[in-house]
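J.: Sequence:
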Amino acid sequence: MDAVKAYVEANKDRFLNELFELLRIPSISAVEAHRPDMRRAAEWLATALVRSGADRADVMPTEGNPVVYAEKIVDPKAKTVLVYGHYDVMPVDPREEWRTDPFEPVVTEGRIRARGADDDKGQLYMHAKAFEAMCATGTLPCNVKFMLEGEEEIGSASLYGFCARNKKLLKADIILVSDTSMISMQTPSITCGLRGLAYMEVEVTGPNKDLHSGLFGGAVANPANVLARLVAGLTDDEGRVTIPGFYDKVRELTPAERKDFNKAPFSLRAYKQALEIGDVAGEAGYTTLERTGVRPSLDVNGIWGGYIGEGTKTVIPSKATAKISMRLVPDQDYREIAKLFERHFKAVAPKSVKVRVKSLHGGMPYVAPTDMPAYRAAERAIRETFGKKPLPFYSGGSIPIISGFEQILGIKSLLIGFGLAEDAIHSPNESYGLEQFYRGIETIPLFYKYFAE
1 MDAVKAYVEA NKDRFLNELF ELLRIPSISA VEAHRPDMRR AAEWLATALV
51 RSGADRADVM PTEGNPVVYA EKIVDPKAKT VLVYGHYDVM PVDPREEWRT
101 DPFEPVVTEG RIRARGADDD KGQLYMHAKA FEAMCATGTL PCNVKFMLEG
151 EEEIGSASLY GFCARNKKLL KADIILVSDT SMISMQTPSI TCGLRGLAYM
201 EVEVTGPNKD LHSGLFGGAV ANPANVLARL VAGLTDDEGR VTIPGFYDKV
251 RELTPAERKD FNKAPFSLRA YKQALEIGDV AGEAGYTTLE RTGVRPSLDV
301 NGIWGGYIGE GTKTVIPSKA TAKISMRLVP DQDYREIAKL FERHFKAVAP
351 KSVKVRVKSL HGGMPYVAPT DMPAYRAAER AIRETFGKKP LPFYSGGSIP
401 IISGFEQILG IKSLLIGFGL AEDAIHSPNE SYGLEQFYRG IETIPLFYKY
451 FAE
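Per this note's numbering, residue 1 is the first one in the sequence shown, and the count goes up by one each step.
A portion of the hints provided could be inaccurate.
Derived DSBU-like pairs: lysine-lysine, alpha-carbon spacing no greater than 35 Å straight-line [what the hints assert, rightly or not]:
(1) K209 <-> K171
(2) K167 <-> K77
(3) K259 <-> K272
(4) K5 <-> K77
(5) K171 <-> K249
(6) K171 <-> K354
(7) K449 <-> K389
(8) K249 <-> K346
(9) K339 <-> K72
(10) K313 <-> K354
(11) K272 <-> K389
(12) K388 <-> K358
(13) K167 <-> K249
(14) K412 <-> K389
(15) K263 <-> K388
(16) K249 <-> K351
(17) K319 <-> K12
(18) K263 <-> K249
(19) K449 <-> K412
(20) K389 <-> K249
(21) K358 <-> K259
(22) K449 <-> K168
(23) K313 <-> K167
(24) K249 <-> K313
(25) K354 <-> K209
(26) K72 <-> K167
(27) K171 <-> K5
(28) K79 <-> K5
(29) K358 <-> K249
(30) K354 <-> K167
(31) K259 <-> K412
(32) K319 <-> K358
Read the hints as simulated data drawn from the structure, not as lab findings.
Construct the complete structure from the given sequences, taking the supplied hints into account.
T.: Next comes the structure, spelled out in structure tokens:
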């Protein structure tokens, strides 16, 4: 690995400049106006992977945004690693809260600041550059395939069909993913579990037009008021979700499992200070680690209706809308949960309004065995670069397509992310530490080495 480390050190500035080129492309999958940027990002990555050493790199069409597929086959008999990542990013709103231009990356205080710096352009590009370093030094011990998509932030709808149509092309021994986080740089970890997701949109409609709140107030149901009550009633005072049947398939941890789970280093005081909150909240009887790792949850992601511009406009809005996500744990099925949610929400709505419920997207929870060869190889690689054995960690986040890979391709995924909580993914001022970026590039070749062995 000395040759690889020397190559990375000699080219680290170029690696960073290349990442900056990718970060400048505003590939926001949720906004239709950015469809040309999705294609531009895909083509940029295909070109970059060929420069890095791939034998081929294709921009392959789907029903939505294209998939970048690339490969290098060193030996048909060797193990094959399929690298997954996504080049789409979240919207930047509220833009006024950004301290720098979200699509003009800069480095300040040792951190790359831009939308996608961590999630997931910075992390996927670590794999491209680690791959380049191994190709350039003749040390690549495995066959490598890349599958980079442009719809992860909106549910990966097109990737399921792409995988089903290309099973032979995507055949591999393990899927390698860096789209998750570590506990800290001092306490490295490997993500061995992800929560599932059911993402819903609800619309409450009252009168057929906005009404004067003085002439009609008190006589006509206000959809915004009704929606607020309905949403508030989705959880109780103990922090439990009130949807009938929601917890039916949730497996309770044994006391021994709970004890082991809470061994991960965690400071409640530091957690509250970092978020500037007076106290935490959630399901009663569980720790913060349990609430975000192995317990389901329900949250409003956005709510709107009526007049929200400058000044005043005294109206009863005709409609009010909310987006709601539910994070799920084994063995909850997002399709069943979506149906339970819809049935409950319509049942509790008053007759004074009409309710529309729509399931936007979802995915199953995922658990990766800690005894599989790929996990042991990653554990050994991280221990070498970080100086200590990584802890298994259950993430509160969701990557719906990961469980889809197992169902469609029959391949397990290994989640070795290098993100940190302070990276502020999905938020204004997203960033990614230079140390994280370069440490990832250093660790990935070691994974290949030990996985091949």
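J.: Decide, hint by hint, whether the structure agrees.
T.: Now the hints, each set against the structure:
For the proposed pair K209 and K171, the alpha carbon gap of about 55 Å is over 35 Å, so the pair is violated. Among the hinted pairs, K167 with K77 is consistent with the structure: their alpha-carbon atoms are about 18 Å apart, no more than 35 Å. Straight-line distance between C-alpha atoms of K259 and K272 comes to about 22 Å, which keeps the hinted pair within the 35 Å bound. The straight-line distance between the Cα atoms of K5 and K77 is roughly 27 Å, inside the 35 Å bound, and the hint therefore holds.
At roughly 32 Å between alpha-carbon atoms, K171 and K249 fall within 35 Å of each other, so this suggested pair holds. For the hint linking K171 to K354, the alpha-carbon distance of about 48 Å lies beyond 35 Å, and the restraint is violated. For the given pair, K449 sits about 17 Å from K389 by alpha-carbon distance, which is consistent with the 35 Å threshold. Restraint check for K249 and K346: satisfied, since their Cα atoms lie roughly 22 Å apart, inside the 35 Å limit.
Taking the CA atoms of K339 and K72, the gap is near 44 Å; set against the 35 Å cutoff, the hint is violated. Of the pairs offered as hints, the one joining K313 and K354 holds, with about 24 Å between alpha carbons and a cut-off of 35 Å not exceeded. Distance hint between K272 and K389 is fulfilled; the C-alpha atoms sit about 27 Å from each other, no more than 35 Å. With a CA separation close to 46 Å, the supplied pair K388 and K358 exceeds the 35 Å bound.
In summary, the hint linking K167 to K249 is supported, as the alpha carbons are separated by about 31 Å, within the 35 Å threshold. Distance hint between K412 and K389 is fulfilled; the C-alpha atoms sit about 22 Å from each other, no more than 35 Å. For the given pair, K263 sits about 16 Å from K388 by alpha-carbon distance, which is consistent with the 35 Å threshold. Taking the CA atoms of K249 and K351, the gap is near 32 Å; set against the 35 Å cutoff, the hint holds.
Between K319 and K12 the alpha-carbon distance is near 53 Å, which puts this suggested pair outside the 35 Å criterion. Pair hint K263 plus K249 holds up; C-alpha atoms about 26 Å apart against a cutoff of 35 Å. Distance restraint check for K449 and K412: the Cα-Cα separation of roughly 19 Å lies within the 35 Å cut-off, and the hinted pair is therefore satisfied. For the hint pairing K389 with K249, the CA-to-CA distance comes to about 33 Å; that is within 35 Å, so the pair holds.
The suggested pairing of K358 with K259 is violated, with an alpha-carbon distance near 39 Å, which exceeds 35 Å. The hinted pair formed by K449 and K168 meets the criterion: a straight-line CA distance of about 25 Å does not exceed 35 Å. Distance restraint check for K313 and K167: the Cα-Cα separation of roughly 56 Å exceeds the 35 Å cut-off, and the hinted pair is therefore not satisfied. Restraint check for K249 and K313: not satisfied, since their Cα atoms lie roughly 47 Å apart, outside the 35 Å limit.
Simply put, K354 and K209 have alpha-carbon atoms about 13 Å apart, close enough for the 35 Å limit, and the pair holds. Proximity of K72 to K167 is assessed by CA-CA distance (about 17 Å); at most 35 Å being required, the pair is judged to hold. Only pairs whose Cα atoms come within 35 Å are accepted, and K171 paired with K5 is accepted, the gap being roughly 30 Å. Distance restraint check for K79 and K5: the Cα-Cα separation of roughly 23 Å lies within the 35 Å cut-off, and the hinted pair is therefore satisfied.
Using a Cα cut-off of 35 Å, the hinted pair K358 and K249 holds, with the two alpha carbons roughly 23 Å apart. Note on K354 and K167: the hinted pairing is violated, with a Cα-Cα distance of about 44 Å set against a maximum of 35 Å. Note on K259 and K412: the hinted pairing holds, with a Cα-Cα distance of about 27 Å set against a maximum of 35 Å. For the hint linking K319 to K358, the alpha-carbon distance of about 15 Å falls within 35 Å, and the restraint holds.
The structure fails hints 1, 6, 9, 12, 17, 21, 23, 24, 30 (numbered hints given earlier, in ascending order).
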